[in-house]
Amino acid sequence: MKFMGFERPDGSVGVRNIILVVAGVDCMEGVARRIAEKVPSAVAVTQHYSCLHVGTEQVVNIMSGVAKNPNISAVVLLGMGCESLKPKFYQEQIAESGKPVKSLSCYEEGGVKKTVQKGISIVKEMETKISTLKRRPFDLEKLTIGLKCGGSDTTSGLAANPALGVAVDMLVDNGAAAIFTEPIEAIGGEEALSKRTKTQDVKERLLKVISNEEKRYTTGTEVEFMCKGNILGGLSSIEEKSLGSIHKAGSRKISGVLENSQRIVETPPAGGLYFFDGTHFDVQSIINLVAAGAQIVAYTTGWGASFESLVAPIIRICGNPESYEQMKDDIDINAGTIIQGKESIEEVGQRIFHELIEVASGKPTKLEDLGYGTFAIYREDPAMDRFLGISKIL
Amino acid sequence: MKRVIKMAPEDNVATSLERLEVGDEIEVVSEKGVVVDTFRTLQPIVFGHKIALATIAEGSKVIKYGEYIGEAIQLINRGDHVHIHNLKSLRIPIPEKVLEEVRME
Chain A
1 MKFMGFERPD
11 GSVGVRNIIL
21 VVAGVDCMEG
31 VARRIAEKVP
41 SAVAVTQHYS
51 CLHVGTEQVV
61 NIMSGVAKNP
71 NISAVVLLGM
81 GCESLKPKFY
91 QEQIAESGKP
101 VKSLSCYEEG
111 GVKKTVQKGI
121 SIVKEMETKI
131 STLKRRPFDL
141 EKLTIGLKCG
151 GSDTTSGLAA
161 NPALGVAVDM
171 LVDNGAAAIF
181 TEPIEAIGGE
191 EALSKRTKTQ
201 DVKERLLKVI
211 SNEEKRYTTG
221 TEVEFMCKGN
231 ILGGLSSIEE
241 KSLGSIHKAG
251 SRKISGVLEN
261 SQRIVETPPA
271 GGLYFFDGTH
281 FDVQSIINLV
291 AAGAQIVAYT
301 TGWGASFESL
311 VAPIIRICGN
321 PESYEQMKDD
331 IDINAGTIIQ
341 GKESIEEVGQ
351 RIFHELIEVA
361 SGKPTKLEDL
371 GYGTFAIYRE
381 DPAMDRFLGI
391 SKIL
Chain B
1 MKRVIKMAPE
11 DNVATSLERL
21 EVGDEIEVVS
31 EKGVVVDTFR
41 TLQPIVFGHK
51 IALATIAEGS
61 KVIKYGEYIG
71 EAIQLINRGD
81 HVHIHNLKSL
91 RIPIPEKVLE
101 EVRME
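Line by line, the protein sequences are chains A and B.
Be aware that the first sequence starts at 1, since it is given in this note's numbering, and climbs by one per residue.
Be aware that the second sequence starts at 1, since it is given in this note's numbering, and climbs by one per residue.
Only chain B is shown next, with the shape it has when bound in the complex:
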């Protein structure tokens, strides 16, 4: 099975260690290498990108490494890709110029 890694027990996202296709069954592994969860992806997810482990309501915090890494700007479902399209920083928003460059790719 394909693997995603959950960096801390409190996290509501995991990060993919391989390319995931829609409907892939995945193992969620912890820092200790223990499988803590399994489920199916809803969206394709590229290596290094995040997948939601639980429903995250709009306005709720996204948690990785046991800390807040931002806020959901729309409802996120378990299995969804989590990134700049549905997560915003609470510290420094990404400049429009950089977002433009990313959209071009």
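One chain only, chain A, in its complex shape:
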């Protein structure tokens, strides 16, 4: 089983060709947009955590992780000139990948207009190079898939998530890496997950990451892990809710827990199933998965969730037959057939597996060609973590 992708200098394989125009500090965001809008492959991104180098280490790791993702074919870094969070902090990480990186300082260029002009000529050259790249066949061990759920409802744990789990098992058995995340959703599922860790060390890291997240969300106010909607929909306990969510990761053993901290954003060292320490907020979580190396994301939902990412294609899987009918322009896989008794979980799982390979190989998702996207980075508050006595460093 192979997929078609673009080989990068470091041997990794991208499923899309993106020119990432990074405003390393957010005062340069407008400049990044002006540059990126001139060529179809360019995407403008930024971070809103300040222009100070101290305190933004995790943000730099995530942004650099995205830039290193094999979907990114070339990078433009923009700085103002006065910031302490200089482009070089991103550049030194991205350099590891061997891909072309060009850096511009607004002050050195002589202002915004000149920076935009220079940036445009750079991305036009990069776009010309991209048009010469051809896809070649690669083994699935070159593929990493990110997993996320959102807008979950009763059908999520019965249809969409179990079906995705079947596809994930197939991918992992074929050498691919799969990354699931959202420690908050794993609260209640610790026992089940602990049984599946490959080593004691992985188990300890996993439990720490979940326990950290639980502390963040139970700082004295009574938090609703289970809400009225969950219960009316049929969920009776947090264990049941969590297991329904975890089911999207299939049944294979967990090979590792990927750290996401001031120190590092880890990527899978080999094929297998991995857990990533990060937020459950949708847009930011998908960026986390891309920073961790995922070239493609599978998103399960009971509703739709029509945000789009321009750095990795997102395949939407909906298990609610009514939502599918309502939102079928946006949804790639109808898992509602399971609820209706038209297909089994296994059958839909196989469909998802094949769709993932096709999308990786170039088939656009339902929302991909619209040409818009949402990008946001999330960083846990280091001051709050210190106050709670927890650390993201594993």
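Since the hints were derived computationally from the structure, they do not count as laboratory data.
Virtual Cβ for every residue (Gly too), placed ideally from N, Cα, C.
Warning: the hint list may mix true and false statements.
Claimed, not checked - Calculated cross-link-like contacts (lysine to any residue; reagent style SDA-like; alpha-carbon spacing at most 20 Å): (1) K342(A) <-> R3(B); (2) K228(A) <-> H85(B); (3) K102(A) <-> P9(A); (4) K342(A) <-> S30(B); (5) K32(B) <-> E343(A); (6) K88(A) <-> K99(A); (7) K215(A) <-> P95(B); (8) K32(B) <-> F353(A); (9) K208(A) <-> I393(A); (10) K32(B) <-> M170(A); (11) K32(B) <-> Q350(A); (12) K228(A) <-> P95(B).
Stated by the list, open to error - Sample of chain A residues at the chain B side, in silico, Cβ under 8 Å: (13) P162; (14) C227; (15) L243.
The hints should help you fit chain B onto chain A, whose structure is shown.
What follows is chain B alone, placed relative to chain A:
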């Protein structure tokens, strides 16, 4: 026949895929789509809610996805509706405030 889905072979509950009335004859289907059991319901069960596949003694574990999802707080018979009235979490109990909101519905 109406269908309920059993997520794993070890499970002692299945989840309903349609609205069930008292006395409905139901098929229990597996992840592979195979019918593994049939029987009659004892209580009405709404879509997405659970039905017991076996007797679950008070204090025994309720199993779904092959894992414990809680403990029975009273005797549950095969065909009974299984939910917050007869199952409790072993991890985080549902806050009273939320239970109140649910009772109001």
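Sort out whether P95(B) lies within 20 Å of K215(A), counting only the CA atoms.
-> holds, 17 Å
Pair hint K208(A) and I393(A), alpha-carbon separation not exceeding 20 Å | holds, 10 Å
Mind checking the CB of C227(A) against every CB in chain B and telling me if the closest is under 8 Å?
-> holds, 7 Å
Given P162(A) was flagged as interface, is its beta-carbon under 8 Å from a beta-carbon of chain B?
-> holds, 6 Å
Measure nothing beyond the straight line between the CA atoms of K88(A) and K99(A); if it is 20 Å or shorter, mark the hint as holding.
-> holds, 15 Å
Hint consistency between K102(A) and P9(A) [alpha-carbon to alpha-carbon, up to 20 Å] | holds, 16 Å
Taking the closest Cβ pair, is L243(A) under 8 Å from chain B?
-> holds, 4 Å
Has the given pair, K32(B) with E343(A), been kept, meaning a C-alpha gap of at most 20 Å?
-> holds, 9 Å
Sort out whether M170(A) lies within 20 Å of K32(B), counting only the CA atoms.
-> At roughly 15 Å apart (the allowed maximum being 20 Å), M170(A) and K32(B) satisfy the hint.
Hint consistency between K228(A) and H85(B) [alpha-carbon to alpha-carbon, up to 20 Å] = holds, 14 Å
Does the structure keep K228(A) and P95(B) at a Cα separation of 20 Å or less?
-> Holds, because 11 Å separates the two Cα atoms, which is no more than 20 Å.
Given the hint that K32(B) pairs with Q350(A), test it: the Cα-Cα distance must not exceed 20 Å.
-> Holds, at roughly 11 Å.
The structure agrees with every numbered hint stated previously.
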